[in-house]
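Here the protein sequences line up with chains A and B, keeping their order. Letter 337 of the first sequence, counting from 1, is numbered 337 in my numbering, and no numbers are missing. Letter 295 of the second sequence, counting from 1, is numbered 295 in my numbering, and no numbers are missing.
Simulated from the structure, these hints should not be mistaken for lab results. Note that the coordinates shown come from a computational prediction; the quantities given were computed from them, not determined experimentally. Check before you lean on any hint, since a few could be wrong.
As the list claims (entries may be wrong) - No farther apart than 20 Å at their CA atoms in a straight line, the calculated lysine to any residue pairs in the SDA-like style are these:
1. A/K348 - B/P322
2. A/K272 - B/P322
3. A/K369 - A/G396
4. B/K12 - A/K348
Stated by the list, open to error - What the simulated footprint calls covered on chain A by chain B, stretch by stretch (three residues with Cβ under 8 Å from a Cβ of chain B suffice, anywhere in the stretch; the number is not a length):
5. 100-113
6. 170-177
7. 357-363
8. 389-400
9. 414-428
For every residue, glycine included, the Cβ atom is placed at its ideal position computed from N, Cα and C.
There are 2 protein chains.
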Amino acid sequence: MNIILLSGGSGKRLWPLSNDIRSKQFIKIFKKQDGTYESMLQRVYRQIREVDVDAKVTVATSRAQISAIHNQLGEEVCISPEPCRRDTFPAMALAAAHLTDIQGIDPEESVVVCPVDPYVEKDYFEALKELFCQARKGEANLVLLGMAPTYPSEKYGYIIPEKEGRISFVKTFKEKPGTEKAKEYIAQGALWNGGIFACKLKYLLQKAHELMEFKDYEDLYEKYETVTKISFDYAVAEKEPRIQVMRFAGEWKDIGTWNTMTEAMEEAVVGKGMMAETCEGVHIVNEMDVPVLAMGLRDVVISASPEGILVADKEQSSYMKPYVDRIDQQIMFAEKSWGSYRVLDVEKGSMTIKVTLHAGSSMNYHSHKNRDEIWTVIEGAGRTIVDGMEQNIKAGDVITMSAGCRHTVIAETQLKLIEVQIGEAISVQDKEKHVLE
Amino acid sequence: MNIILLSGGSGKRLWPLSNDIRSKQFIKIFKKQDGTYESMLQRVYRQIREVDVDAKVTVATSRAQISAIHNQLGEEVCISPEPCRRDTFPAMALAAAHLTDIQGIDPEESVVVCPVDPYVEKDYFEALKELFCQARKGEANLVLLGMAPTYPSEKYGYIIPEKEGRISFVKTFKEKPGTEKAKEYIAQGALWNGGIFACKLKYLLQKAHELMEFKDYEDLYEKYETVTKISFDYAVAEKEPRIQVMRFAGEWKDIGTWNTMTEAMEEAVVGKGMMAETCEGVHIVNEMDVPVLAMGLRDVVISASPEGILVADKEQSSYMKPYVDRIDQQIMFAEKSWGSYRVLDVEKGSMTIKVTLHAGSSMNYHSHKNRDEIWTVIEGAGRTIVDGMEQNIKAGDVITMSAGCRHTVIAETQLKLIEVQIGEAISVQDKEKHVLE
Numbered sequence: 001m002n003i004i005l006l007s008g009g010s011g012k013r014l015w016p017l018s019n020d021i022r023s024k025q026f027i028k029i030f031k032k033q034d035g036t037y038e039s040m041l042q043r044v045y046r047q048i049r050e051v052d053v054d055a056k057v058t059v060a061t062s063r064a065q066i067s068a069i070h071n072q073l074g075e076e077v078c079i080s081p082e083p084c085r086r087d088t089f090p091a092m093a094l095a096a097a098h099l100t101d102i103q104g105i106d107p108e109e110s111v112v113v114c115p116v117d118p119y120v121e122k123d124y125f126e127a128l129k130e131l132f133c134q135a136r137k138g139e140a141n142l143v144l145l146g147m148a149p150t151y152p153s154e155k156y157g158y159i160i161p162e163k164e165g166r167i168s169f170v171k172t173f174k175e176k177p178g179t180e181k182a183k184e185y186i187a188q189g190a191l192w193n194g195g196i197f198a199c200k201l202k203y204l205l206q207k208a209h210e211l212m213e214f215k216d217y218e219d220l221y222e223k224y225e226t227v228t229k230i231s232f233d234y235a236v237a238e239k240e241p242r243i244q245v246m247r248f249a250g251e252w253k254d255i256g257t258w259n260t261m262t263e264a265m266e267e268a269v270v271g272k273g274m275m276a277e278t279c280e281g282v283h284i285v286n287e288m289d290v291p292v293l294a295m296g297l298r299d300v301v302i303s304a305s306p307e308g309i310l311v312a313d314k315e316q317s318s319y320m321k322p323y324v325d326r327i328d329q330q331i332m333f334a335e336k337s338w339g340s341y342r343v344l345d346v347e348k349g350s351m352t353i354k355v356t357l358h359a360g361s362s363m364n365y366h367s368h369k370n371r372d373e374i375w376t377v378i379e380g381a382g383r384t385i386v387d388g389m390e391q392n393i394k395a396g397d398v399i400t401m402s403a404g405c406r407h408t409v410i411a412e413t414q415l416k417l418i419e420v421q422i423g424e425a426i427s428v429q430d431k432e433k434h435v436l437e
Numbered sequence: 001m002n003i004i005l006l007s008g009g010s011g012k013r014l015w016p017l018s019n020d021i022r023s024k025q026f027i028k029i030f031k032k033q034d035g036t037y038e039s040m041l042q043r044v045y046r047q048i049r050e051v052d053v054d055a056k057v058t059v060a061t062s063r064a065q066i067s068a069i070h071n072q073l074g075e076e077v078c079i080s081p082e083p084c085r086r087d088t089f090p091a092m093a094l095a096a097a098h099l100t101d102i103q104g105i106d107p108e109e110s111v112v113v114c115p116v117d118p119y120v121e122k123d124y125f126e127a128l129k130e131l132f133c134q135a136r137k138g139e140a141n142l143v144l145l146g147m148a149p150t151y152p153s154e155k156y157g158y159i160i161p162e163k164e165g166r167i168s169f170v171k172t173f174k175e176k177p178g179t180e181k182a183k184e185y186i187a188q189g190a191l192w193n194g195g196i197f198a199c200k201l202k203y204l205l206q207k208a209h210e211l212m213e214f215k216d217y218e219d220l221y222e223k224y225e226t227v228t229k230i231s232f233d234y235a236v237a238e239k240e241p242r243i244q245v246m247r248f249a250g251e252w253k254d255i256g257t258w259n260t261m262t263e264a265m266e267e268a269v270v271g272k273g274m275m276a277e278t279c280e281g282v283h284i285v286n287e288m289d290v291p292v293l294a295m296g297l298r299d300v301v302i303s304a305s306p307e308g309i310l311v312a313d314k315e316q317s318s319y320m321k322p323y324v325d326r327i328d329q330q331i332m333f334a335e336k337s338w339g340s341y342r343v344l345d346v347e348k349g350s351m352t353i354k355v356t357l358h359a360g361s362s363m364n365y366h367s368h369k370n371r372d373e374i375w376t377v378i379e380g381a382g383r384t385i386v387d388g389m390e391q392n393i394k395a396g397d398v399i400t401m402s403a404g405c406r407h408t409v410i411a412e413t414q415l416k417l418i419e420v421q422i423g424e425a426i427s428v429q430d431k432e433k434h435v436l437e
């Protein structure tokens, strides 16, 4: 099966675990059998492999997420990067062109397109395989996965099938309705539209060419900024007459808020946390090194990360966006392709961060205009290159780099260092990349 | 007026703001008119000066608190240090001997003794002055301040006066009663015993000599560890026949739990915090650099510090001790006479801390057996002495010290540095002091 995973943008509804650069799909919150934790992205990627070892997975995402995806899925994962955000249809078109023009997949082949962040079990991916095969048959141009509704939600669009049965042609689409309307639709046998579908690659490309002028993948990538924002539902699905829907009644959770997130969590406490017996329906998700103690609470979610601390009634947590938007704070934690960093201390004229590099990885060769940097190695071994001079490093070594000086570090083992930045205008933008000669 | 402030031991009932080394009286939580915050200790010390500029204040405390007291009250404050904890009476006796033998105060003079941590207003200190004068008169050997009870508390001992009126001889003492008994006592005109009293210094010393064998201050200090633990109420007050009580009906709060602490707070939010309109009766006390967001909560206290995060129903917070006792974590923050430090990062073979020195102050000249240290100066100017070699330092300078190497730093301005400790057995105990030649 060919599958395009749409890895969506940043969201703040799972703050403080999600922020401007860490989208919810990267939060490691789901316990694996070995006791470690995986993210929604890692979980979905693993589940696909379990159902179809040969699945060709392409992650369609913004450039900002590339590092984090490589960090979580390894260097081999295939990524179709969007130069900028242009809604779902251009992203799908670009990914489809990536599959045919870059990966050399036959346009006659089918592809499954789905979001990267549903909380699902194995049966969902079995259904995707079926969807893929159904699209191959060519009875319809498009085959949607229709979710059996569990309540009259106002969050989803509804698909009205022509008849009962596992697979049916679609009669009509209904926009997100009010609760009363939703009840009517459900009585008529309507299904939720979860944005999951399969079709032939050539169909997706043909629709793309009808709406956008481009020759091939590279051309579309170049022009991407000039393309009009448009959603797949609006551009294609709602206009297509030959469209089928396949019912899916298995578990499928859209984890967009703390309320739904905690429902999907197996444990009440992730990270360091203690809960008094007087607590009921409380979840603690703590990414800090210090403990959380909860007493006498009911239906509350507590989450702490280097970005901040949330304590919210679970229902109320859905309304956090306007509050989180008011928080004007620098990024305190980030995953990069080479490892991760965490801000430890911020002062007016300095910033102290902890940098962790994976074994075998290295930073870009770079320099800063407005700050000096001092590295103190606290763990591991590797090499630094500073203004062309190479040097072996180990725990306890100190490397000082004045502003303008070019530098990088190469990790032989896992390498950790404390970086002290000194300067009056410290900014992540102050970075110039250089070619290492 | 002469006044001995009893600065009590560590308590965990205000965790995470109080811990093994920071007692509740050091928490800076009360807003001053200039917008900055002061601790209970600073507040009481300031209030005494406002009522009596010439008051001779002596703080009786354990050695562990000396640095924090100097940090908060300055170097001039007079401290009577207890070599170890021996309950209230030996502490008072030692402090009384300090007043006569070290400070040269006439034993015929009176002294007021009171805990350092009540939340009170100016009228309380006016009452202490009156208490002091009443003791001077010598009508009784001991004059207690009796608090007008506001409810039948089980937390206090009760004093039954012989008659009504502002000052009366005491008929009898009652141990902490049940609620029903407390109601009876209150109906009889009983007063709470808050552990506040005045007497002549010679009386306190005479009682001390009756119970403990010692010659003078230095002798008692030397023998302090061998002295029996005994409370003042039990050793003296409850046995003294010539004892008066003075009524006090002003504000007096015993701030021992989060519940009472939040009652005394003027603001709902101290530190970075946001509260949704759906919160009611919520207090946030945040000592971290990142924000707290509270939503949809009722009668909850949230407190975050480098030690941990508490989220508790206010009533339930009184029962936190067994939970906090289970937390086995190193000290993450401490105030020292020269400034303060905060742990930023802990790894297996390293620890990173931020050190802040007050202008003009310096550390001891010391060395460590089992760790190397690297200082990176991030703010200010001063000097280091490393193995006898003196060097001027400023922001951006790096000083490396191998295990065994003797070192200190002298701050000319306020000085901040990042200290990276590298070693396999990092411990606060690994410290040897040396004489600087």
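Now for the hints, and whether the structure bears them out:
1. A/K348 - B/P322: Measuring from Cα to Cα gives roughly 40 Å; hence the hint is violated.
2. A/K272 - B/P322: Given pair A/K272, B/P322 holds - Cα atoms ~17 Å apart, limit 20 Å.
3. A/K369 - A/G396: 27 Å, violated
4. B/K12 - A/K348: 33 Å, violated
5. 100-113: violated (count 0)
6. 170-177: n = 0 at 8 Å, threshold three: violated.
7. 357-363: Result for this restraint: violated, n = 0.
8. 389-400: Result for this restraint: holds, n = 4.
9. 414-428: With 4 residues in contact (Cβ-Cβ under 8 Å with chain B), the coverage given for the stretch 414-428 of chain A holds.
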